[in-house]
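Participant: For the record, the sequence lines run as chains G and D.
With the working numbering, the residue at position 272 of the first sequence is 304, and numbering never jumps.
With the working numbering, the residue at position 390 of the second sequence is 422, and numbering never jumps.
Hints are supplied without guarantee of correctness; some may be wrong.
Stated by the list, open to error - Label-pair ranges, simulated between beta-carbon atoms:
no., chain 1, residue 1, chain 2, residue 2, range
1, D, Gly74, G, Ser81, 49 to 55 Å
2, G, Ala285, D, Gln337, 53 to 59 Å
3, D, Asp170, G, Gln260, 34 to 40 Å
4, G, Pro396, D, Glu318, 37 to 43 Å
5, G, Gln200, D, Lys305, 40 to 46 Å
In short, the hints are calculated from the structure, not lab data.
Glycine included, each C-beta is placed from N, C-alpha and C at the ideal position.
There are 2 protein chains.
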Amino acid sequence: MADAVVSGSSPSAISEMNQARIAQELYKRGTLSRAQIAKALGLTAPAISKLAGRMIEDGLVRETGDMPGLGHRRSIGMQLESSRYRVIGVKFARSRVQFGIFDLAGNPLQQSELPPVSEQSIPQTVQAVKDHIQQALDHDRSIVAVGIAVPGPYLRHEGQIALVTSMQGWRGVNFIQSFGQAFSVPTFIEQDARAGALAQSLFAPQNSSPNLAYYLVGEGVGLGVIEQGRLINGERGGATELGHISVDVNGRACECGNRGCLERYCSAVAIHKAMCQPPYEGLFPEAEHLSHAAACQMLFYRAAQGDEAASRLVAQTAACVGYGCVTIINAFNPSHIIIGDIVAGAGQTLLETVQRIVAERALPELKAQTEISLSALPADATLMGAAAVAVSHFLQDPTHFASILRQRQVAKNKPPTTPPKNG
Amino acid sequence: MADAVVSGSSPSAISEMNQARIAQELYKRGTLSRAQIAKALGLTAPAISKLAGRMIEDGLVRETGDMPGLGHRRSIGMQLESSRYRVIGVKFARSRVQFGIFDLAGNPLQQSELPPVSEQSIPQTVQAVKDHIQQALDHDRSIVAVGIAVPGPYLRHEGQIALVTSMQGWRGVNFIQSFGQAFSVPTFIEQDARAGALAQSLFAPQNSSPNLAYYLVGEGVGLGVIEQGRLINGERGGATELGHISVDVNGRACECGNRGCLERYCSAVAIHKAMCQPPYEGLFPEAEHLSHAAACQMLFYRAAQGDEAASRLVAQTAACVGYGCVTIINAFNPSHIIIGDIVAGAGQTLLETVQRIVAERALPELKAQTEISLSALPADATLMGAAAVAVSHFLQDPTHFASILRQRQVAKNKPPTTPPKNG
Numbered sequence: 033m034a035d036a037v038v039s040g041s042s043p044s045a046i047s048e049m050n051q052a053r054i055a056q057e058l059y060k061r062g063t064l065s066r067a068q069i070a071k072a073l074g075l076t077a078p079a080i081s082k083l084a085g086r087m088i089e090d091g092l093v094r095e096t097g098d099m100p101g102l103g104h105r106r107s108i109g110m111q112l113e114s115s116r117y118r119v120i121g122v123k124f125a126r127s128r129v130q131f132g133i134f135d136l137a138g139n140p141l142q143q144s145e146l147p148p149v150s151e152q153s154i155p156q157t158v159q160a161v162k163d164h165i166q167q168a169l170d171h172d173r174s175i176v177a178v179g180i181a182v183p184g185p186y187l188r189h190e191g192q193i194a195l196v197t198s199m200q201g202w203r204g205v206n207f208i209q210s211f212g213q214a215f216s217v218p219t220f221i222e223q224d225a226r227a228g229a230l231a232q233s234l235f236a237p238q239n240s241s242p243n244l245a246y247y248l249v250g251e252g253v254g255l256g257v258i259e260q261g262r263l264i265n266g267e268r269g270g271a272t273e274l275g276h277i278s279v280d281v282n283g284r285a286c287e288c289g290n291r292g293c294l295e296r297y298c299s300a301v302a303i304h305k306a307m308c309q310p311p312y313e314g315l316f317p318e319a320e321h322l323s324h325a326a327a328c329q330m331l332f333y334r335a336a337q338g339d340e341a342a343s344r345l346v347a348q349t350a351a352c353v354g355y356g357c358v359t360i361i362n363a364f365n366p367s368h369i370i371i372g373d374i375v376a377g378a379g380q381t382l383l384e385t386v387q388r389i390v391a392e393r394a395l396p397e398l399k400a401q402t403e404i405s406l407s408a409l410p411a412d413a414t415l416m417g418a419a420a421v422a423v424s425h426f427l428q429d430p431t432h433f434a435s436i437l438r439q440r441q442v443a444k445n446k447p448p449t450t451p452p453k454n455g
Numbered sequence: 033m034a035d036a037v038v039s040g041s042s043p044s045a046i047s048e049m050n051q052a053r054i055a056q057e058l059y060k061r062g063t064l065s066r067a068q069i070a071k072a073l074g075l076t077a078p079a080i081s082k083l084a085g086r087m088i089e090d091g092l093v094r095e096t097g098d099m100p101g102l103g104h105r106r107s108i109g110m111q112l113e114s115s116r117y118r119v120i121g122v123k124f125a126r127s128r129v130q131f132g133i134f135d136l137a138g139n140p141l142q143q144s145e146l147p148p149v150s151e152q153s154i155p156q157t158v159q160a161v162k163d164h165i166q167q168a169l170d171h172d173r174s175i176v177a178v179g180i181a182v183p184g185p186y187l188r189h190e191g192q193i194a195l196v197t198s199m200q201g202w203r204g205v206n207f208i209q210s211f212g213q214a215f216s217v218p219t220f221i222e223q224d225a226r227a228g229a230l231a232q233s234l235f236a237p238q239n240s241s242p243n244l245a246y247y248l249v250g251e252g253v254g255l256g257v258i259e260q261g262r263l264i265n266g267e268r269g270g271a272t273e274l275g276h277i278s279v280d281v282n283g284r285a286c287e288c289g290n291r292g293c294l295e296r297y298c299s300a301v302a303i304h305k306a307m308c309q310p311p312y313e314g315l316f317p318e319a320e321h322l323s324h325a326a327a328c329q330m331l332f333y334r335a336a337q338g339d340e341a342a343s344r345l346v347a348q349t350a351a352c353v354g355y356g357c358v359t360i361i362n363a364f365n366p367s368h369i370i371i372g373d374i375v376a377g378a379g380q381t382l383l384e385t386v387q388r389i390v391a392e393r394a395l396p397e398l399k400a401q402t403e404i405s406l407s408a409l410p411a412d413a414t415l416m417g418a419a420a421v422a423v424s425h426f427l428q429d430p431t432h433f434a435s436i437l438r439q440r441q442v443a444k445n446k447p448p449t450t451p452p453k454n455g
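Could you put the whole structure together from the sequences, leaning on the hints where they help?
Facilitator: This is the structure:
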């Protein structure tokens, strides 16, 4: 090992790392020539040629024919084989489990929802999800990883959720034990809002900032922060738990032990509860029979139609979402806050109130340069986030996943349990 | 440039990076043999010998004679030349400017305080600090860097403080323009609580966690968070501004635009104000004539003596410091929160109240593994922090600072403006 070798890495590890950098560059920028990649990564043309040859051979990259070159030279474009590899995304929420198969670019190839979950049915749900994943893996040999998004605070080393307000049964599930080694492909588990932040960063090309916050306002309130290009986790994965940051230390008691938690004011659960209590009691009589998501949808529809009570409750909720944005700015100073999930369904009226609150309460120097928008992702950002968790691991170590694909395709042609049919 | 080269780095850049890693390892662990360093860094013995030889020649490392070897082999200990290099630390607070010279281990060699600052005297103060630094540099040729700590929110790219509650004049100072290129040695500027976090991490050997929060409760309230070994800055340096995170969105108005900012309840300024207002008005008649720091000291002394009103005010303040800790845990999930600066002077009684509030309000899984303590650093943690800012840069690029030292010592022997005396 030479003096110049980094961190005890072998030359092959450095080659793998450089292949990962090429994959990331192609993922971000689409089609590039070898010369463009060499320039972007500060590597020589011969080095890139060697690496690119290996990646083409491994099925990670393909050539796309001639493209306008730099200067007068002809050059051949290269692309990442994004549609050759697939990942499974699973999103666990309190009462919903969603499932999807995506390619590396986040295009959904299949999406489905499992039956609603109750406290009692959690163990069966976990088994059903495992079965569902296994079936998909058996059926589609191009799947190379599974990403799972779970509500926070998720203790990432222990594999358990520390608290799920209004659905404590989830605390009994150890996700690492249940899913970590369950399949023939790697499985990655992430807190849901962090998964959403990854989805925004990977799948929404307009979100290129290295300082990005995904503000999940759904059944719970969560936050995922990418700071200097990296997710903030904290010691055990309990960081960025915005839903349990107090906006009023003398406020409503929360199951977490704290008072005045933001989640108690603007989650879909809190909105649904408010619709069934004074002063709104009786104004939304059907609300009691709806799911949290459906009740919120009804409320937002009524507000859009000009219903006064509905508009008042939406405005009140939106102000609280705004207080959360002010806290996000003071705590994390992202360049962009993206609001997503159920409550983002209130749309422009919500966004305008949030922007007004931020204009009033955040430091002028910071608010002026903080973009706030609603999620523009076509599908549910957190389900896409579950896929994004898997894709982000793919991009860190593409050669590993290329070898998984090869193994799975060999296994398909030669099933180990029965004699080969076309042997 | 070979295929295996990282990020376009030349072999000499990689050698420098490995020298930095050796310096960091020696800094953290004290005396080590070449074999121990090789093991810790995953480098071969010949590689380490070559690098160590270079570092000894450059005056970065010295041999300390025989030490107990690994196995039966004799081995020679190596140490970083921590006392050979010095840095200047300058701490700007609202009304105080402190100055110190430290060695790399954070040992203070000289400390002084400039005259108290008023809104009117800020420009003169800036000039006086420049003169003071220049004099120290002229006098002591072993100084290789200057670290400056300023109150937050500090906009790190612009060089300006976005807001200094109760001392807005500081906003007119551009620290990068005033100090960035003013001296013959590099100058580094950091938000004060972040500097304090660096000091805790570098100079207090018990704080080895990569997830550490320094909670500055002084004239302002600030926070510096080291997460996964790296300071959290946000897009423009405005992250971790705990003092302006609201603990009551309907609470006291703050100069920042927000309401219920933590700083309005437990900073030294807020405590001093409370001492002069109902229901405490008249109980501390001398308080009006004291500085914020002195008023707090008096209050804490009275409380320790059993004075009931003083104890009540301290308890009330401590609860607010505790609410801040709960927010820190939910936002950043550090393994260790270190409380420092003026208000930490309330001592054990403060710590006990903080720990009770955290026990009541933080998630059981997180609070059980979050250590909370008062700063154990001998000197003012933020002044040491200013030095730590410089030291952390030294450790990232020691060869650069070794060359600065050589240049400064040559310049001393051969002053460029006058003919050499001993030529």
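Participant: State for each hint whether it applies.
Facilitator: So, going through the hints one by one against the coordinates:
no.	hint	result
1	D:Gly74 to G:Ser81: 49 to 55 Å	29 Å, violated
2	G:Ala285 to D:Gln337: 53 to 59 Å	36 Å, violated
3	D:Asp170 to G:Gln260: 34 to 40 Å	38 Å, holds
4	G:Pro396 to D:Glu318: 37 to 43 Å	38 Å, holds
5	G:Gln200 to D:Lys305: 40 to 46 Å	43 Å, holds
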